[in-house]
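If you read the sequences in order, they're chains A and B. Just so it is clear: in the first sequence, position 155 is 138 by my numbering, and no numbers are missing. Just so it is clear: in the second sequence, position 137 is 120 by my numbering, and no numbers are missing.
The hints are simulated quantities; they were obtained by calculation from the structure and are not laboratory data. Glycine residues also receive a C-beta, built at the ideal position from the N, C-alpha and C atoms. Fair warning: there could be bad hints in the mix.
Unchecked claim - Listed next, the in silico DSS-like pairs over lysine-lysine satisfying Cα-Cα at most 27 Å (straight line):
hint	chain 1	residue 1	chain 2	residue 2
1	B	K29	B	K92
2	B	K304	A	K89
3	A	K252	B	K247
4	B	K272	B	K52
5	B	K272	A	K121
6	B	K180	A	K92
7	A	K(-11)	A	K47
8	A	K89	B	K246
9	B	K272	A	K92
10	B	K303	B	K252
11	B	K269	A	K247
As the list claims (entries may be wrong) - Anything over 12 Å on all C-beta distances counts as not near chain B; from chain A, calculated:
hint	residue
12	D(-14)
13	S11
14	Q14
15	N123
16	Q273
As the list claims (entries may be wrong) - Simulated restraints, written as ranges between beta carbons of each label pair:
hint	chain 1	residue 1	chain 2	residue 2	range
17	B	P118	A	Q299	39 to 47 Å
18	B	K89	A	E239	31 to 39 Å
19	B	S3	A	K252	46 to 54 Å
20	A	D46	B	Q7	41 to 49 Å
21	B	Q25	A	K(-11)	50 to 58 Å
22	A	N287	B	Q7	39 to 47 Å
23	A	L79	B	Q284	50 to 58 Å
24	A	K252	B	R141	31 to 39 Å
25	B	Q7	A	T117	49 to 57 Å
26	A	E112	B	K47	29 to 37 Å
27	B	K252	A	E112	45 to 53 Å
One letter stands for each residue in the lines below.
Number of protein chains: 2
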Amino acid sequence: MLDLWKHYPQIAKQLNDVRSLMHQLLSSNNQAIQALLNDCAQQQGKMLRPGLFLLFAQLGQPDKRQTEKLTKIATSLEILHQATLIHDDIIDDSPLRHGTITIQAKYGKDTAVYAGDLLFTIFFELLIETMNGTPYLKINSDTMRHLLHGELNQMAARFQQQQPISNYLANIKGKTAALFRLACMEGAYFGGLNQPKMVALAAQIGENIGISFQIYDDILDYSSSTVTLKKPVLEDVAQGVYTLPLLLAYQQHPAEFDQLLAKKRQISKSEIQLVSQLVKKYHGVKQAKQLALNYTHQAIQQINQLPSGKAAEELQQLTKKLLKRTF
Amino acid sequence: MLDLWKHYPQIAKQLNDVRSLMHQLLSSNNQAIQALLNDCAQQQGKMLRPGLFLLFAQLGQPDKRQTEKLTKIATSLEILHQATLIHDDIIDDSPLRHGTITIQAKYGKDTAVYAGDLLFTIFFELLIETMNGTPYLKINSDTMRHLLHGELNQMAARFQQQQPISNYLANIKGKTAALFRLACMEGAYFGGLNQPKMVALAAQIGENIGISFQIYDDILDYSSSTVTLKKPVLEDVAQGVYTLPLLLAYQQHPAEFDQLLAKKRQISKSEIQLVSQLVKKYHGVKQAKQLALNYTHQAIQQINQLPSGKAAEELQQLTKKLLKRTF
């Protein structure tokens, strides 16, 4: 999905600088550790968070002297994201991510724990270099806390098919949307669009894009295949993570689902397929798409309130594209 | 080993405030998560790092208005320590620590990963509250990086009985001594003994105490029992972590060890007992004690260069006591 950025040549160029800086920061004198760190730096997916940050930064028309600082902040966002992915993959026992073998599968869970911790440290170092003395240090640590509470709350809600939709939404606000929110508000602030009203608007746009993005991710688990998605589908059900399409369909016909979900971790592959069919039959996917669309529309309306120009147009396009993806 | 502080009533009182603050910071609206966080806050061992910090802070005779800030910094040190312990226990698969069931054993490795991450976040929050705009943010992130590189290097050196002693020392400087170093230098700086010479002296004292402390910890693995130590002994050998007593004894009679260690993870319990006997037979424990004693003597000589008074005397006593512990 790096292809996404080929239509935004300036952003694509800056994202190359982000990639170079990641490689530079992830270094060690020890050969064995260097191999691990190279793999951490190469586990790049969509680069959505640094890309959104850079798009928002363009709105403020920052001068060239700001470029290095903006690259560092964009990198901090991608490194925090990578750190959480490395730790997520330990928990999910995932073999693949974006079609690449995960750190935990290649090096073992033990190394992956420390590798993720090291990425948190580098994230922290980049913040100190670029934001020491500003309120953004606290905004970053609040985001990290929000993110982890989202993950922990999701874990505490496993195997609870009766949980309210509001619970699902609160959890994805933390585990996914908080980082999108941060990326957009930091872009506005550090790019020069730093009036409090504009920063707050950027934060809301980021949150709405993040929620919509996560709902789409959860939809793809029911509507896509392992080949297209480049990662195993329907793993969430076996692990008791019941996402929006299932929760919505469940409300229509609880009894039919309860039979299957009662098996919890012992649920078989064919039973998971039955669950997936029920989710589609009772319009779980369709209703989830509708909800995602609402968040995207909100984001688009809010983007219309930003200063007009090339950056705002590109942001419009990008947001619409995120709702059409199949991978 | 909280008993350690009963002879230092003022420090003991301040450590109670540290404990209260930890409980206050580790909170969640979610009941299941609150139970986990309570256990994280209660996993308290020796409280050595915040205790040393507070002793060094007393040297500067800080006024009472500083008390709250000092308590927060002391707490940041204990929380960083706890975060690394929670992640260490995942890697070591440890059932017990200080006689208490570990977070990973009670809640599973997945929850323990996020619990450790959350503690890193709270550590970060405490630093931002107390040190924003000062060079100590960077000193803290450098320490965290040093600590993790020590852990990763130790992991990369597993099953290498021929590694030089300098490698072992470099790794424990990172994984253990870096945090003792930080505690002592922050104590000096934030307590008011902030001339660069004194802060550098405090850092050296902390490093020497930390190295000596870790060597003693590794000695106890060969000279103590599970009952006294309140955790399983000799686990390191099975996991390929060869510490100072083994490395020193190995240099005397490599062939005898190679036979046993060639089995790597497949080594049996009785073979581990044989390794332990060889370590003692070839004076590994005795020589390691001698090396630890050198570091303690250095620390004591350096403590003599601190401003004299009650705090410096207490520091002398404490440092000597750490070399006599059996648990």
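Now the hints, each set against the structure:
no., hint, in the structure
1, B/K29 x B/K92, "24 Å, holds"
2, B/K304 x A/K89, "44 Å, violated"
3, A/K252 x B/K247, "37 Å, violated"
4, B/K272 x B/K52, "38 Å, violated"
5, B/K272 x A/K121, "45 Å, violated"
6, B/K180 x A/K92, "43 Å, violated"
7, A/K(-11) x A/K47, "22 Å, holds"
8, A/K89 x B/K246, "23 Å, holds"
9, B/K272 x A/K92, "34 Å, violated"
10, B/K303 x B/K252, "34 Å, violated"
11, B/K269 x A/K247, "55 Å, violated"
12, D(-14), "32 Å, holds"
13, S11, "7 Å, violated"
14, Q14, "8 Å, violated"
15, N123, "8 Å, violated"
16, Q273, "29 Å, holds"
17, B/P118 x A/Q299: 39 to 47 Å, "43 Å, holds"
18, B/K89 x A/E239: 31 to 39 Å, "36 Å, holds"
19, B/S3 x A/K252: 46 to 54 Å, "50 Å, holds"
20, A/D46 x B/Q7: 41 to 49 Å, "44 Å, holds"
21, B/Q25 x A/K(-11): 50 to 58 Å, "53 Å, holds"
22, A/N287 x B/Q7: 39 to 47 Å, "44 Å, holds"
23, A/L79 x B/Q284: 50 to 58 Å, "56 Å, holds"
24, A/K252 x B/R141: 31 to 39 Å, "37 Å, holds"
25, B/Q7 x A/T117: 49 to 57 Å, "26 Å, violated"
26, A/E112 x B/K47: 29 to 37 Å, "35 Å, holds"
27, B/K252 x A/E112: 45 to 53 Å, "50 Å, holds"
The earlier numbered hints that this structure contradicts are 2, 3, 4, 5, 6, 9, 10, 11, 13, 14, 15 and 25.
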